[in-house]
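**Student:** Chain by chain, the residues run as shown.
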Amino acid sequence: MSKLPPTMSFVDLVDEYFIENRTKLLDIAAFLDRLDRATAGGTSDEYRIAAFREAVAALAGAGPNRVEAVQIIFSDPTTAPLEALDRKSASGAFDAGGRAAAVSPAPGAEGLDHREAPLAERRVDSAAQEAR
Amino acid sequence: MEYIDLHAHMVSRSTDDYVQMALTGCVAVTEPAFWAGWDRSSADGFEDYFRQLTEFEPKRAAQYGIRHFAWICMNPKEGDDRAMAAKVLARIPKFLERPTVLGIGEIGMNRVTRNEVATFRDHVEIALAHGQLIHIHTPHLEDKYKGTRVTIDSLSCYDVVSPSRVMIDHAEEHTIEMILDAGYWTGITLYPQTKVSAQRAVDMIETHGTERICVASACDWGPSVPAAVSHFILEMRRRRHPESLIRKIVYDNPVAFLSQSPKFSLPVARDRVSALAPGVA
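Just so you know, the sequences run in chain order A and B.
Residues in the first sequence are numbered from 1 upward in steps of one, following the working numbering.
Residues in the second sequence are numbered from 1001 upward in steps of one, following the working numbering.
Bear in mind the hints are in silico, worked out from the structure with no lab data behind them.
Just so it is clear, the structure is predicted and the values come from calculations on it, not from any experiment.
Hints should not be assumed to be uniformly reliable.
Derived BS3-like pairs: lysine-lysine, alpha-carbon spacing no greater than 27 Å straight-line [unchecked claim]:
{"#": "1", "chain 1": "B", "residue 1": "K1094", "chain 2": "B", "residue 2": "K1263"}
{"#": "2", "chain 1": "B", "residue 1": "K1248", "chain 2": "B", "residue 2": "K1263"}
{"#": "3", "chain 1": "A", "residue 1": "K3", "chain 2": "B", "residue 2": "K1248"}
{"#": "4", "chain 1": "B", "residue 1": "K1087", "chain 2": "A", "residue 2": "K88"}
{"#": "5", "chain 1": "B", "residue 1": "K1059", "chain 2": "B", "residue 2": "K1094"}
{"#": "6", "chain 1": "B", "residue 1": "K1059", "chain 2": "B", "residue 2": "K1263"}
Heads up, incomplete: computed chain A residues facing chain B, CB under 10 Å, no partners named [claimed, not checked]:
{"#": "7", "residue": "D12"}
{"#": "8", "residue": "S44"}
{"#": "9", "residue": "S75"}
{"#": "10", "residue": "P77"}
{"#": "11", "residue": "T78"}
{"#": "12", "residue": "P81"}
{"#": "13", "residue": "A84"}
{"#": "14", "residue": "D86"}
Cβ coordinates follow ideal geometry from the N, Cα and C atoms, glycine included.
Required output: the full structure, derived from the provided sequences and hints.
**Tutor:** Structure, rendered in structure tokens:
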């Protein structure tokens, strides 16, 4: 991997992109204000918005990897496969509390356990599920 | 500029979309097997879909000078159903022999369940047994980081998997490095909301270089843009990158990856002109 040489100066980038990113920032500010109005000035600990607020705080941190930091804030940090399908779609932010309540992996399941089932055993799983 | 959209679910798109893609320079699409938005009720349903991918879509695309190729699999959204997977996987090998099928895909994880991992491995083993290229989906949003890690970890079990014959798609800022470091090809998906904007895609190219990276629209039945690759080209020009570098990403790189299948070829210019303007060529 090799970075590409810079093609635009700091001033070039500001001149080209400032207005559209100012617009995006105002959209985020307006969204947060909208949430405040919906909670009548109170606060909410809803997991997606908690992650969103953490991500907004990360924007004010030091660069240069803010986008990666924000991605990690929203991400599931675990590696153990779920024992069963809980829902079809992602929601946009990892719900650590909800996951802990829904799934309790077997001891030692974290990490490499998903690699170890031989093909024959997976076939047995398949047959058993079909029988049900 | 001519380009190849390496990931487009054209069965979900209208003929007008083929026109827009042709007008913006698309010369070929590859279409991975995908979720219909609802679960199919039988293996026969999957087989009909595979026939649509390999019989109907190549003809529809050819009318606009676009060559159409397919990847066959049971997609990750339905991969948790092991009983259905066993039935569908048994029907896949005969489709691998079809002239426009490039390999197995898009396989992978959705919510990263044990069953999904097992179905993923079954697909990998079919690909290895039949000498096929592999195209891999990585999960959306909060599941992407975990799903990509588990995918790479699962592939590492197979000594015979050649990373140069595997595309791990839908890379984002927090997953692209682990994919490239492991030697795989990767794709950046240009999607209006849940994946990567054209601006972020160019940022990723600027940060990680151009080796083993492709871009695609992944257009499907959801909010998506069939001509998204042309928006990426425009953004690259806005950043003042040279035409040769842009072409490498949208044309040369896909050709390099896909040409590992002997079935991959591109239409000659005369065919494209003839399709877009009958009577001119």
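**Student:** Next step is simple, just say for each hint if it's right about the structure.
**Tutor:** We went through each hint and held it up to the structure:
Straight-line distance between C-alpha atoms of K1094 of chain B and K1263 of chain B comes to about 15 Å, which keeps the hinted pair within the 27 Å bound. Distance check on the hinted pair: K1248 of chain B and K1263 of chain B sit about 21 Å apart at the alpha-carbon level, within 27 Å; holds. Using a Cα cut-off of 27 Å, the hinted pair K3 of chain A and K1248 of chain B holds, with the two alpha carbons roughly 15 Å apart. The suggested pairing of K1087 of chain B with K88 of chain A holds, with an alpha-carbon distance near 21 Å, which does not exceed 27 Å.
Of the pairs offered as hints, the one joining K1059 of chain B and K1094 of chain B holds, with about 20 Å between alpha carbons and a cut-off of 27 Å not exceeded. Taking the CA atoms of K1059 of chain B and K1263 of chain B, the gap is about 16 Å. The hint holds against a cut of 27 Å. For D12 of chain A, the interface hint holds, the least distance from its beta-carbon to any beta-carbon of chain B being 8 Å, beneath 10 Å. For S44 of chain A, the suggested interface contact is broken, since its CB lies about 19 Å from the closest CB of chain B, more than 10 Å.
The beta carbon of S75 of chain A is positioned within 10 Å of a beta carbon in chain B (closest approach about 4 Å), and the interface hint is therefore held. With a least beta-carbon distance of about 7 Å to chain B, the hint placing P77 of chain A at the interface is held under the 10 Å criterion. Contact between T78 of chain A and chain B, as hinted, is supported at the beta carbon level, the nearest pair being about 6 Å apart and thus within 10 Å. A cut of 10 Å between beta carbons decides the hint on P81 of chain A: the least distance to chain B is about 5 Å, and the hint holds.
For the restraint placing A84 of chain A at the interface with chain B, the shortest Cβ-Cβ distance is roughly 6 Å, inside the 10 Å limit, so the hint holds. Against a cut-off of 10 Å between C-beta atoms, the interface hint on D86 of chain A holds, since the closest Cβ of chain B lies about 7 Å away.
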